[in-house]
Amino acid sequence: MSGYLTRQMSGFSATYRRELGAYFATPMAYVFLAVFLLALGLFTWEAGRFFDRGVADLQPFFVWHPWLYMIFLPALAMRLWADEKASGTDELLLSLPLGIPGLVLGKLMAAWTVAAAGLLLTLPMWASVNFLGSPDNTAIALAYFVSLLMAGAYLSIGAAVSALTGSQVTSFVISVVMAFMFTAAGWPLVLSTVQSLFGTGFADIVARFSFITQFEGAQRGVLELRVVAYFLGFTATFVFLNCLWASRQRLG
Amino acid sequence: MLEVKALEKSYGSKHAVRGVSFAVEKGTVLGFLGPNGAGKSTTMRMIAGVLEPDSGDAVIDGKSIISDRRAAQASLGYLPEGAPLYEDMTPPEFLRFLAEARALPRRSRQDAVDRAIADARILSVSHQRIGDLSKGYRRRVGLAGAILHDPPVLVLDEPTDGLDPNQKRAVRALIARMAPTKAIIISTHTLTEVPAMCHRAVLIDRGRVIADDTPAGLARRSEDGSLESAFSRLTDQDEDENL
Numbered sequence: 001m002s003g004y005l006t007r008q009m010s011g012f013s014a015t016y017r018r019e020l021g022a023y024f025a026t027p028m029a030y031v032f033l034a035v036f037l038l039a040l041g042l043f044t045w046e047a048g049r050f051f052d053r054g055v056a057d058l059q060p061f062f063v064w065h066p067w068l069y070m071i072f073l074p075a076l077a078m079r080l081w082a083d084e085k086a087s088g089t090d091e092l093l094l095s096l097p098l099g100i101p102g103l104v105l106g107k108l109m110a111a112w113t114v115a116a117a118g119l120l121l122t123l124p125m126w127a128s129v130n131f132l133g134s135p136d137n138t139a140i141a142l143a144y145f146v147s148l149l150m151a152g153a154y155l156s157i158g159a160a161v162s163a164l165t166g167s168q169v170t171s172f173v174i175s176v177v178m179a180f181m182f183t184a185a186g187w188p189l190v191l192s193t194v195q196s197l198f199g200t201g202f203a204d205i206v207a208r209f210s211f212i213t214q215f216e217g218a219q220r221g222v223l224e225l226r227v228v229a230y231f232l233g234f235t236a237t238f239v240f241l242n243c244l245w246a247s248r249q250r251l252g
Numbered sequence: 253m254l255e256v257k258a259l260e261k262s263y264g265s266k267h268a269v270r271g272v273s274f275a276v277e278k279g280t281v282l283g284f285l286g287p288n289g290a291g292k293s294t295t296m297r298m299i300a301g302v303l304e305p306d307s308g309d310a311v312i313d314g315k316s317i318i319s320d321r322r323a324a325q326a327s328l329g330y331l332p333e334g335a336p337l338y339e340d341m342t343p344p345e346f347l348r349f350l351a352e353a354r355a356l357p358r359r360s361r362q363d364a365v366d367r368a369i370a371d372a373r374i375l376s377v378s379h380q381r382i383g384d385l386s387k388g389y390r391r392r393v394g395l396a397g398a399i400l401h402d403p404p405v406l407v408l409d410e411p412t413d414g415l416d417p418n419q420k421r422a423v424r425a426l427i428a429r430m431a432p433t434k435a436i437i438i439s440t441h442t443l444t445e446v447p448a449m450c451h452r453a454v455l456i457d458r459g460r461v462i463a464d465d466t467p468a469g470l471a472r473r474s475e476d477g478s479l480e481s482a483f484s485r486l487t488d489q490d491e492d493e494n495l
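Protein chains in written order, with my numbering: chain Y, 1 to 252; chain Z, 253 to 495.
Rather than coming from a laboratory, the hints here were simulated on the basis of the structure.
Check each hint, because a few of them may be wrong.
[Claimed, not checked] Here are the simulated DSSO-like cross-link-like pairs (lysine-lysine), alpha carbons at most 27 Å apart as the crow flies:
1. Z:K315 to Z:K278
2. Y:K85 to Z:K387
3. Z:K266 to Y:K85
[To be verified] Sample of chain Z residues with no beta-carbon within 12 Å of chain Y, all distances over it, derived:
4. T294
5. S319
6. S386
7. K387
8. A398
9. A425
10. M430
11. I462
12. T466
A virtual CB, placed ideally from N, CA and C, is assigned to each residue, including glycine.
All chains should be modelled from the sequences, with the hints used to inform the complete structure.
This is how it looks when you write it as structure tokens:
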């Protein structure tokens, strides 16, 4: 069993390091981080009225995470497989004695690390609220943790679709549409429409699959095991699809 | 060393490779010839484990590419058509990535990288990004990647395509240096370099092997004794049969 796992995961660390290097070898990661932080700051301060509320917490900051992830993370993930296809290096990769799961997870983890770096760079915001008042720091730490898990779920969609389409632009568009569906499903505007069309029971089910609904509790500082399981399970499902779509290439 | 057994591959309705078989011994450089679209690249991709054949098998150093893919791939060095590379890396970074991906023992990785760089004569460009290199150097970086783990079998898809005469000579010299200890397959459509580089030539057309001979033996099959007219006679003849 452990031998089987080792074989499947061979290539994980080589792939992870290569992909992480590729993000930082080009301006890609820096531009991504800069624009992501700018957008997050703008939404938190302008739209979220961070200062006007007079409450020292990060609620107006976390509430934007799903919406920004929905646009930014597909952009981060779109190159993972499509770029290999465009430059023909997928052929080189498939000729190496590696397991597909190791490649898939190595690539996903590299993108996840860049996303984590983005979150890490927002820590001054956390420091600010501590300077301005006395927030519930455990609750904030928890919201950060669940936000990171949610980022993995968004990235797993983008990575899998990148393997499926083999084109960066197509992959970005499809991933954003899919991410939008999983995000907006919990939006009151969408939910009230669903409710009036299909009834409350169905609306509840739709809401349960939404990232917004799943992320709600964490924003209030509640750690729910089922939320952690949801995001990890969601990511695992798309990692599995990613493996299938990446190995499809071998069939020609 | 390498045994190709009745490989078959179809893409939809196109039957690209129809039962290709041949064997290559250690110390042999086999020229894999044929017109464009004859199935050369498809066959080589199946040998390298990049593409799964519909049926048939390739046995590399005793290991089947179908039932024991990773072990077979570990014994194989493959240069894909056009030598695709990661352009954002420098040659040593690229080779270190391959060494890690191939799980070479940690201690011997740097030695393997240094040796491949020396063998492929790319030391002078080792600080440049691969994307900035000339075609000839890129091809040599690709070759360095294929020989990094010192595999007993090499499959090189058009290693000299698009190179200038000096670069071609350098690649040919590298292949000649490696030839005594390895089984090597080279696909090319530059027929003039076949007698200089290859001990044997397999000619393939429309997915079938139509000749397997020494370059000189192949040349004798034409009226004027040149490889070129033998090539066009053998492949044209087939076209007539299909009319």
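Hint check results:
1. Z:K315 to Z:K278: It holds: about 15 Å lies between the C-alpha atoms, which stays within 27 Å.
2. Y:K85 to Z:K387: Holds. K85 of chain Y to K387 of chain Z sits at ~20 Å (cutoff 27 Å).
3. Z:K266 to Y:K85: 22 Å, holds
4. T294: With a cut-off of 12 Å, T294 of chain Z comes too close to chain Y, as the shortest Cβ separation is near 8 Å.
5. S319: S319 of chain Z is indeed farther than 12 Å from all Cβ atoms of chain Y, at 14 Å.
6. S386: At about 17 Å from chain Y, S386 of chain Z clears the 12 Å cut-off, so the statement holds.
7. K387: 14 Å, holds
8. A398: Violated, because the least Cβ-Cβ distance between A398 of chain Z and chain Y comes to about 9 Å, which does not exceed 12 Å.
9. A425: Holds: least Cβ distance 24 Å, greater than 12 Å.
10. M430: 18 Å, holds
11. I462: At about 23 Å from chain Y, I462 of chain Z clears the 12 Å cut-off, so the statement holds.
12. T466: The claim holds: T466 of chain Z sits with its nearest Cβ about 29 Å from chain Y, beyond 12 Å.
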